[in-house]
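A.B. asks: Here is how the chains run, residue by residue.
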Amino acid sequence: MEPTRHTLIAAEGVTMRFGRAGFFGRGKLVHAVSDVSLSLARGETLGLVGESGSGKSTLGRLMLGLLAPSAGRVRFDGAALGAQLPPALRRRMQLVFQDPQASLDPRRRIGAQLADGLAIHRLAPKAEYAARIAALLEQVGLDPAHASRFPHEFSGGQRQRIAIARALSTAPDFIVADEPVSALDVSVQAQILALLATLRARLGVAMLFISHDLRVVRQLCDRVAVLYLGRVMEEGPARAVFAAPRHPYTRALLAASPRLGQSIGQPAPPPLAGEPPDPAAPPSGCVFRTRCPLAVDACAAAVPPLRDCGDGRRVACIRAGEGDDAAALP
Amino acid sequence: MRRLLMPGGMILLILAAALAAPVLPLPAPLAMDIMHRLAPPSVAHWLGTDEFGRDELSRLIWGARASLAVAGGSTAIAAAIGTSLGVIGGYLRGLPAFLAIRAMDVVLCFPPLLLAVLIVTLVGPGIVTLIVALSILFLPGFTRLAYAGVLQTRNLDYVEAQRVLGAGRARIMLRTILPNIAGPILVQASLTAAAAVVLEAGLSFLGLGVVPPTPSWGLMVRSAREVMGQAPLLLLWPCLALSLTILALNLLCDRLRDALDPQTAPRRRRRTMAAARPLAGAAATDGDATLLAVDGLTVEIATPRGPIRPVRDVSFSLGAGETLAIVGESGSGKSVTGLALLGLLPGAARVSHGAAVYAGTTDLLRCQEASLRALRGSHLAMVFQDPMSALNPVHRVGDQIAEAILAHARLDAKAVRARVVALLRRVGIPAPVARARAFPHEMSGGMRQRAMIAMAIAAGPRLLIADEPTTALDVTIEAQVLDLLAALQRSEGLGMIFITHSLPVVARIADRVAVMYAGEVLEQGPVAEIFARPLHPYTRALLDSMVPEGDGAEAGLPAGIAGNVPSLLDLPPGCSFAPRCALRRPACETLRLPLNEVAPGRFSRCPYGREIAAMAAPIPAARA
Amino acid sequence: MAWVLRRIGASLLLVWVVVTVVFMAIHLVPGDPAELLLSQGGSAPDPAAVAALRGQLGLDRPLLAQYGSDLVGLLHGDLGLSLQDQSPVAADIAQRLPRTIELLCAASILALGFGVPLGTLAGIAPGGMLDRAGAAVSALLLSVPVFVVGTLLVLVFAEQLGWADAGGFVPIDRSLAGHFAHLAMPALTIALGLGAMLYRITRAAVLDVALRDYVRTARAKGVAPRRILWRHVLRNALSPVVTVFGLQFGALIGGTVLVEYVFNYPGLSGLLVDAVNARDYPLVQGIVLVISVLFVAINLTLDLLYAALDPRVRGR
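Quick mapping for you: the protein sequence lines, in order, are chains A, B and C.
Counted the way the numbering used here counts, the first sequence spans residues 13 to 342.
Counted the way the numbering used here counts, the second sequence spans residues 36 to 659.
Counted the way the numbering used here counts, the third sequence spans residues 258 to 573.
Next up, chain A with everything else stripped away, as it sits in the complex (with noise of 0.2 Å):
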C-alpha cells in the first residue's frame, strides 16, 4: 500500500535478525521478519495476526521504535526513525504489553506509575498530576481514588485497564497493543475490548493490535495482516479478507480457529497437517508451502511478492487466484 498523505506510521521492507549465539561462528542467524511493508492511517486499527514465532511482536517493536530493524525503515509523521528515538516521538507511540501483572512495577503505587510520562515529557505541573491522573483512571473506567494502591491489589482486568491510562498518559497518536487480552478471562476480554474500541472512537489514535483470536481482529480493525514466519501472506480490510480469504494460509487458520456456533454436531474442517519449520532454517520460496494444500513446485523457486489486487487487498501467493472457488470455506 503506497504511503499517502494520510499514513501516520509505515514500515518500508523491514527486516529483522537476531543472532543465535554459539561458539566459533556456529551461530545461526533467525529472520524474525523479513521484507515487511505495512502502513497505518492516523486513526487508523490495523490487525496483525499470527501465531507463535510468526514474528509479530518483534514487528510491533520495530514500529515503536524499540528495536532498530536489520534493513528497511520505519517512517513516523514523514521522519524515519534512527536507532535512538527523540523525546517528542516517544511521546507519541505508545504500547499495551500482554501481561498486565508482568508490565507493572509491583513496588510502586499506580499513581505514581501513571505520573511517570508526564514527568518525563514535562506535559504538566506537578501540582496538577493528581488531577491528570485521577483523569486518566476515569477515562478507563477505574475509581480514582485508587491511585494509592498497588498493582497487586487490582484484579487482572483493572491492571489491564491501569496499564493502558499508562499508554494513554503522553496522549500518544499510535498505539501498539501486543495481544492485549489474551491473559485475560473471557469476561473480562470483552470489557477490555469495549474499553479499546471506545478509546479509539474518543481519541483518534491510530492502533496495531496484535492477536492470534481472529474473531477479535475482525470486529475490532479496520484492516488485517497476516503473518507467517516473519512474512505478510496477506493484507486488506478485515471483513473482506475474513469473508473471503485468498491466501491459502488464512483460510487454513480461519478454519483451525474455534467457532461457537459452526461445530456442534458437525465434523470440524481438516486442520493443517505439520509444524511451522525452523525459523533459523526457513524454506526457500514461500514459507508456507511446506504446509500448504495447494503447493506446486514453483512455490519453491522463489519467495512470492505481495501482489496488490487492486481492490485494496494484497496477498503472497502465486496461486491465490486459482483456489478462490475449490477451498472457499463455508
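Heads up, a few of these hints could be off.
[What the hints assert, rightly or not] Derived coverage of chain B by chain A (criterion: at least 3 residues anywhere in the stretch with Cβ under 8 Å from a Cβ of chain A; other residues may be distant):
1) 99 to 108
2) 472 to 483
3) 506 to 517
None of these hints come from the bench; they were simulated from the model.
By construction, the Cβ of each residue, glycine as well, lies at the ideal position given by its N, Cα and C atoms.
Based on these hints, arrange chains B and C on the given structure of chain A.
C.D. replies: Coordinates of chains B and C only, in the frame set by chain A:
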C-alpha cells in the same frame, strides 16, 4: 520483618561492644602481667587471663574490632564497587563491560584462601592488607549478582514500559532496576560479611592475618591452642565469639532471603509427598453403568486466614465413551476438580466431602493411596496443560512412556519398546523410533503434548481427564490435538473429562458441559442445548461475552460481565454469581440453591431459567 | 561430544589465565618485589641481598623473557627452586599433594554420605522431626569455622579424653589402621561443615522438585512412590547439589589448609604456611598454582557431571 530482629539485634550488640571498647571500663588489652598468667575467671578478670596475663574479656572485645573492621570494610568496598560495575556493565553491555565481567571471573578461578595467602606473601600481613585482599576476593560475587540482576530485570515488561514512556537510562536504573536488585545484594552482603569473618580468623589463626600483639579472635585461638592442656577455657571464649558472630550473620542472611522471597515462607511447613487422607465413611456404591458418578465433591484448603473451599458441592456423571467438558474462568475450581478425582491435590488441599464412584464400585475419594495408585494410569489418566513442565526434563520421552506401561504390567524390554513406538505412531508423531529417544526439550510444543497423550493412554485407561490440554498451543496445532483426542476417544471408547476455559473448544469436543463459577457448577447439560438456550444467567452472560463470529455484528463488541469473581475468602451468602447478575432478585442474595434438574437432562442452580431463555437480546451488563 | 570438547578447551584457557595471573601477581605489586620480599620488620634490606634475590627470581630479565621461560619450565613440570633450601618446588609439592588430595576426597565422601541422604529425608517430610533438628544442627555447623571445630575436637578427644592421637600422619604402607585413624579426625572436621551445606541444598532441592508438575505426572501414571523418589525427585534434585558442591569447593580447599595445620597433617598447607613465613615466593607461587589448577579441573569434572545429569545443558 520481625524475624529479622533477632539476628539484626545480635549483630548490633556485637558492633556496639566493639565500637565502645575504648570507653568501656576494661583493662588495657595489651597490658601484660606475667605473674598472673592463665588465671581462672575472677572478679578482676571475668574471663581470666591469657598466657601473658592479659585480660581475656578485654582482648575478646578489642578482638571484635579486628574482625568487624575486616568484615565491614571488605564487604562495603566489594559491595559498592562490585554493584556499580555490575549495574553499569549490565546496562551498557558491549565489549568493555564483557571484559570487565570476565576479568572478575578470573578471580573466581582461585580458591579464596589461597589468593589471600598469595597477596599476604607479597605485601605482608596486617589489617589493611586483609581488607584489600578480601575486597578483591568478594568483588566478583557482587559484580556477577548485579550484572545478572540487571540483565534479568532489563527485559521485564515493566522496565520496557519505562523505555516506551521515554525514560532515560539513569531514571530506569535508579527507579526501576536498583530497587529490584537491592534485596539480593543485601543477602549477598550478609553472606560476604560472614565469609570475611571466617577468612580473617582463619588467616590470623595461621599467623598470616592480623599481626600480634593486636588482639584478634583467630590469633587468640592460635595462642590458646598452645596452652589448651592447662587452660582449656581460653580456647572456648574466642571460639564462642567467632561462632556467635557468624551464626548471627548467617541467620540474618537466611531471614533476609525468606523476607525477600515470599514464596518460600508459607511453603515450608507443607507436607508435599504425603498421601491424601481418604475420606471417612462408607463408600456409596451405585449399580448403574455410568463410568464415573461424582456427588457433592468439596475441596478444602487451610490458609492462614481460615479454610477456603475452591470446589464446593460439585456433582456430575459421565458415561463410557462420553465427553464432559468442565468450563470456567480462572479461579472457578475446574482444575482442582480434576486433580481431586485422581487424588493428586497439592499438599495443603484435601477433599472434605463428597463421593466419586468409578465404574459403579469404587469410590475414588475413599480409596487408600495404594489402591488409587493401581487405578491411576491403568483406569484413570490425565493430560496436563503445559507439557514442558509436565514431562520430566532429564528422561527420554520414550522412557517416560515406558514407565507408564511398566507401572501396571510386567513386560520385557523389547515388548515395551515396541509398544512405546506403536503409541507414538498412534498419536501421530512422525519418525516414532527416533522420537522415542528424544528429550522433551528437543520437541515442539505440539509434539510434546502428543507424547503426553501417548503416555496417558499407555496403560489403557477408561477415563481420561484432560486439563486445558490445548491452551498452550497455537490454533492450527490446537486443532490437530483436539482432532487426535476426539479420534482416540472414539476408538478406545474412553470417557473424557475435558477441562477448558474456551467455549468454542467445548462446542467442538464435548457432548455435555458443566459450567463452573467460583467453585460451583452453576449449570450442566448437553452442549448444543446449553449453548442454544442457557438456563443460568452466568452461562448466558459468558456466551454473550464472546466476540461474535459473523459479519452481522454491527451491534459492535460485547460488553463483558461487569465486576469481578468473588474472593474465596469472602463468598456471597446466596448465589455466588448474584453480585454480578443482571437478573438478581432480593432472594438471590440470601438463598443458595442446589443444582436442580430444571428440564430433562438440564441442571441449573438458577430458578429463573425460563425468563433467561425467553430473552432474545443480550442481557444488559449489570453495574457492579 | 562437541560440547564436551568446547568445555575442555575453555578449561585449558582458564588454566593458562591462572598461570598468567600467578606469574603477573609479583609484578602487579607496587614497588620492587625483591625489596618487598626482603623487607621484614621495616628496616631497609641489604642492597646486595636484593640484587641476589632479583637474580634468583629472574626479575632482572625482561618481563616477556621471564614469562616465556616460566611457561616453558611449567610445561616440563619445573616450578623453580625454593628460596629456603634450593630444592625443586615441584618435588616438594609432589611429595605432599597426594596426602592433601586424599584428605579432600575422604572429607567429600563423608560429607556426601551424610549430607545428601539426610537432606533427602528432610526434604520429603518438611516440618518433621528430622527437618527441624536438621535446621538447627546445620545452622550451628555452618557457623563454627572449620579450624575451631578441629581445635575443639583435638581439645576434647586428644587432650581431655586421650582417645585419639592429636594429629600427624602415618603412611599407608606402614600401618593401614594407623593411616586411617590419623585421617579420620581431620576428614570428619572438614566433612561436618561441608555436609551441613550439602544437607541444606539437598533438602531445598528435593522440596522444590517434589512440587514440580512432572512429579505429579508420574503419580498420575500410577508409578510407585519409591520409584518416583529415585527417578524423578532425586534425579532432578542432584543438579543443584552438584552446582553448590562446585561453588563450595574453593572454600573446601581453604578449610583443608586450615585443618591440616590444626592436625599437623603433613599435606600442602604446612609447606604453604612455612613458605609464606619465610617469604619463599617461588614455593608459595607453586602451591597456589597447583591447587588452582586442581580447582579448575574439579570444576570441569563437575560441569561434565552436571551435563550428564541434565540433557538440556548439552545442546547449548
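A.B. asks: Quick one: which hint numbers does this structure break? Sort them smallest to largest.
C.D. replies: When the structure is compared with the hints, only number 1 turns out to be violated.
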